[in-house]
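Engineer: Listed here are the chains, written in short residue letters.
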Amino acid sequence: MSKLFASLVALLSFAITAEAKETLTIYTYESFVSEWGPGAKIKASFEKTCDCTVEWLGLGDGVAALNRLKLEGANTKADLVLGLDTSLTAEAVATGLFGKHNVDKSLAKTPEAWTDDYFMPYDYAHFAVIYDTEKMKVPPKSLDELVNGDPTQKIVLEDPRSSTPGLGFLLWMKSVYGDKSADAWKKLQPRVLTFTPGWSEAYGLFTKGEVPMVLSYTTSPAYHEVAEKTSRFQAATFSEGHYLQIEVAGLIEASPEKALAQKFLAFMMTPGFQDFIPTNNWMLPAGETKDALPDAFGKVVKPVKTLLFTPDEVFKNRRAWMDEWLNTLSK
Amino acid sequence: MITLEAVQFRYEAMLMNFDLNVARGEFMAVIGPSGSGKSTLLSLIAGFETPLSGTLKIAGIDMAETSPADRAVSMIFQDNNSFAHLDVWTNVALGISPRLKLDDAQRRLIDSALERVGLKTYTSRKPTELSGGEKQRIAIARALVRDKPMLLLDEPFTALGPALRREMLDLILGIQKERGLTILMVTHQPKDAKYAASKIAFVDAGRIAHVLPTEAFFAGDAPRDISAYLKG
Amino acid sequence: MVEHLEQMSFQNIKITAALGFILGAVAFGFLPLLWLGFVNGFSGFDAYLPRVVGFTLKQAFLSTLFSLLIAIPVALAFARRQFWGRDALLKLFSVPLALPAIVAILGIVGVYGNNGAFGGLFSVYGLSGILLAHIFFNMPMAVRLLLTRLDAIPAENFRLGAQLGFTSPQVFRFIEWPQIASVIPGIASLIFLLCTASFAVVLILGGGPQATTLEVAIYQSLRVDFDPARASILALAQLAVCGVLVLIAGQFTRENSVFPRTLSKLRRFDGESALMRMLDIAAISIAALIILPPMVNILIAGITNIHVSDALLRATLTSLGVGLSAACISLLLGWVLADRAAQHATKALRAVIALACLAALIMPPAVLATGWFVILSPIADVSRYAVLLVIILNALMALPFVWSPLFPAIADARLRHDRLCASLGLSGFARLKLIDLPTLRKPLALGFLMAMIVSLGDLSAISLFGSAGFITLPSLIMAEMGHYRMDAAAGTALVLAALCFALITLAQYWSRSDDHA
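Residue numbers (this note's numbering), protein chains in the order written: chain B, 506 to 836; chain W, 421 to 652; chain Z, 13 to 529.
Zero decoy hints are in this set.
No farther apart than 25 Å at their CA atoms in a straight line, the calculated lysine-lysine pairs in the BS3-like style are these: (1) B:Lys610 with B:Lys810; (2) Z:Lys359 with W:Lys546; (3) B:Lys642 with B:Lys659; (4) B:Lys795 with B:Lys614; (5) B:Lys553 with B:Lys768; (6) B:Lys836 with Z:Lys70.
These are calculated hints, taken from the structure and not from any lab test.
With these hints in hand, go ahead and build the complete structure from the sequences.
Structural biologist: This is the structure:
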């Protein structure tokens with residue numbers, strides 16, 4: 506009984522101190538804070554450096570987090586949003602909710618120099634076609650070979666309407682084919698088994714053996730190498746280059762915890778955050794890590810060329826490009 | 421007309437064993453405590469239940485391989501004697517042909533049966549619009565058009581008031597006289613049995629304990645189990 | 013008289029509260045969006061809209077048609093036959109309802125896909141795949157609902173049929189069809205709405221944007237384009253299509269009074285011919301062939317991958333908690349609605365109740381969630397109430413599944429007991445305890461179970477209101493898949509399926525124990 510009482514007192518006092526502490530509320534995507542994501546570890550790591558509490562709110566994906574923000578507007582509970590990518594940042598800035606980060610941009614180790622005043626990157630990876638070496642001896646060597654290749658060798662893609670990698674591939678096609686991308690989609694269509702709502706479903710079909718190819722990230726083989734000790738799944742290198750996804754975080758201008766949010770963004774570029782990225786988020790760190798990356802990451806495909814639209818280009822054209830895709834493929 | 425010799429049947433824990441003889445043209449009532457096997461006896465005769473062993477004969481013919489439809493009986497239940505979504509006329513017509521392909525003579529037969537039971541003005545009504553007694557009249561009319569020599573009645577008038585019960589029994593007795601039917605009627609009402617039946621079978625614990633002429637059944641010197649039942 | 017009046021007003025309060033809650037929840041969901049659409053000047057009438065509506069109707073119509081065409085002979089065969097494994101098979105028929113779409117799809121693909129045991133028979137991608145998956149989900153549900161009805165046919169009907177020499181087609185025409193005909197419109201509109209609302213199946217097995225339904229288009233306009241003007245037009249289109257359909261179906265629903273079965277033991281006399289045996293065997297085999305191989309695939313994929321972990325236990329408990337709460341709310345609402353509808357409701361009231369029942373299927377969850385969010389976020393921290401909102405949304409989504417076993421039973425019980433109860437002055441809690449609870453135990457258990465199964469498998473509500481640390485079994489499956497852990501996800505999926513099977517067994521045990529009492 507006394508034990509119960511003691512723990513009750515402890516719980517109460519904890520609640521009181523927790524109340525007194527500063528709380529940083531971060532909107533992010535669900536898988537960042539799930540059981541196997543880096544969220545919990547990063548929370549603990551940051552809380553050691555400040556007298557504060559980090560509260561994650563996992564929302565579907567980056568798009569869902571941004572939409573939540575749009576719905577809430579000035580009433581938002583978020584101090585920080587983590588998990589948008591560069592195809593969303595212009596749209597995010599346009600909401601007028603985000604403030605400048607004032608973090609040293611040279612800390613960002615992205616393939617191209619970082620210039621964004623509103624967002625800082627925390628990880629990145631190139632999109633890549635992952636293939637099953639047991640089913641496919643000769644993978645396509647370019648996007649063009651994928652588009653014009655044998656239609657019996659299928660690929661699973663993600664739907665750009667509901668998935669970030671899906672949108673990434675749409676932008677990849679656009680950056681390679683430009684005005685002719687509608688024709689290229691038409692040629693690719695017979696090779697596409699289906700468009701799934703998200704990455705998980707596509708990768709699930711792929712590992713189930715439905716298709717020899719799937720759209721994923723250059724880092725995917727590293728997972729199989731590290732966690733499953735197999736090199737069966739490999740990324741195909743495309744001669745036109747690979748489209749890049751950079752995941753970023755930004756702070757809310759009107760937040761009462763703006764200073765703390767700024768501190769978090771600076772912390773984000775240090776090993777205290779970055780060390781948890783490679784083997785938890787399975788992306789490449791965009792900042793300093795303490796330890797060297799696992800060997801498997803050394804084998805990650807290094808694209809001959811990085812393809813990336815500016816956030817503004819994506820913001821201006823996304824709807825039109827999506828409609829073009831929709832109209833081309835639904836006929 | 422109906423003969424049961426050592427007809428055995430098991431319902432859950434109860435083993436029943438029936439021996440019975442019903443003569444042609446006889447009106448026999450079946451009386452006994454609840455759960456004694458009265459309804460089961462009728463179901464065995466109608467072919468709704470299959471005996472474990474023993475011989476069941478109707479008009480001298482062994483019924484072991486005969487389906488309910490091919491037995492020379494019509495049965496009227498306590499409830500659900502008609503199909504609720506079909507009108508009265510069609511419900512009766514099903515007694516002649518389930519395919520409902522009827523010639524003029526058959527149509528006239530149905531009309532006269534409905535007239536005989538007093539449903540002439542109700543032919544296009546649904547059974548749900550009729551009273552309890554009228555619903556049972558549909559079943560009687562159907563038995564008329566089926567024209568089988570035997571009628572099995574399973575507590576058909578239990579739900580009706582005394583005056584109406586008497587009226588329905590008169591209808592049945594009238595038809596029996598016209599057609600020379602053999603009738604077996606399960607009832608909970610000793611009065612009904614006394615009024616209509618010439619013989620009474622007393623069923624107890626899965627056996628036919630006694631078969632007595634009606635006067636003997638209600639006489640002061642009837643067997644003790646019968647008088648106990650009648651008092652209780 | 014005074015007491016009678018009090019009782020009436022209590023009835024009115026109950027039904028008003030239930031309808032107010034449901035319609036309020038729907039209005040709170042839809043009106044903000046409609047307002048946003050109005051402010052932004054409705055747009056979205058383009059060539060795309062009729063195409064999307066056309067495809068939505070086509071796939072939903074075909075899915076409904078095929079589900080029922082298979083379900084009817086299967087239900088008739090089950091009603092007619094007793095065979096080894098019948099009960100187990102019927103229990104398995106309840107499992108698809110609890111499976112998140114992706115689990116079922118991986119099971120179907122594992123059997124009929126390119127790499128499957130029956131691969132190459134037909135393409136599981138495109139319309140045929142959508143239909144197969146929708147039949148997998150809905151046909152077994154239809155069988156169970158039809159069977160409930162067939163089981164209520166009085167034994168005397170079959171005896172009479174036997175005496176009159178009915179053949180199997182005549183038994184169907186005079187006895188079985190009139191019973192199931194009255195429930196088919198309801199079942200059909202339920203399946204139709206479920207297929208209209210189907211999202212993952214359409215996207216994954218549809219094969220591309222040529223297979224776009226209204227639900228997908230609404231999701232796109234809310235999520236990707238964040239275009240409330242277009243979303244509200246699409247939602248209005250969905251509301252119009254589904255609402256009209258429900259009202260039409262309501263016109264065809266005949267209220268056959270349910271006959272109490274007077275003879276407990278049912279023996280069938282029809283279907284003894286070799287041809288009928290063959291047909292029944294064929295029907296049950298086809299159903300089993302549709303249902304079992306994907307389930308076996310899920311079993312095999314999962315059986316070696318169940319790792320009991322904290323995450324799995326927590327998710328199981330969370331799912332049970334959410335499922336139980338949602339089922340309680342759903343049962344309560346369903347009971348009040350069904351009870352009112354069973355008491356001489358006017359045509360208009362009946363239509364309102366029917367629409368309320370199906371509200372969460374007519375209005376896409378994404379629309380409801382958005383609207384609730386717009387209304388609630390200025391006054392409360394929505395993420396703190398995520399659990400509550402998920403439970404409410406699940407309860408609304410489960411309502412039609414509570415309704416279908418409950419309404420006929422209540423209508424029947426009212427018919428039988430109302431006068432007696434009135435004459436004895438039995439009302440309120442006493443009546444509930446002495447009369448309603450004991451006699452309605454079986455349909456209540458079935459409704460509760462169906463509601464629980466539906467909420468166990470739901471992923472849409474939780475992904476709309478997600479909050480950290482609130483993880484159900486379906487969301488655990490998605491989280492595992494999102495982290496390359498496809499094997500672990502297969503294990504979790506099997507746990508979910510097994511949980512559902514266990515619940516069905518438990519519920520049948522409960523509802524059966526009163527039969528032998």
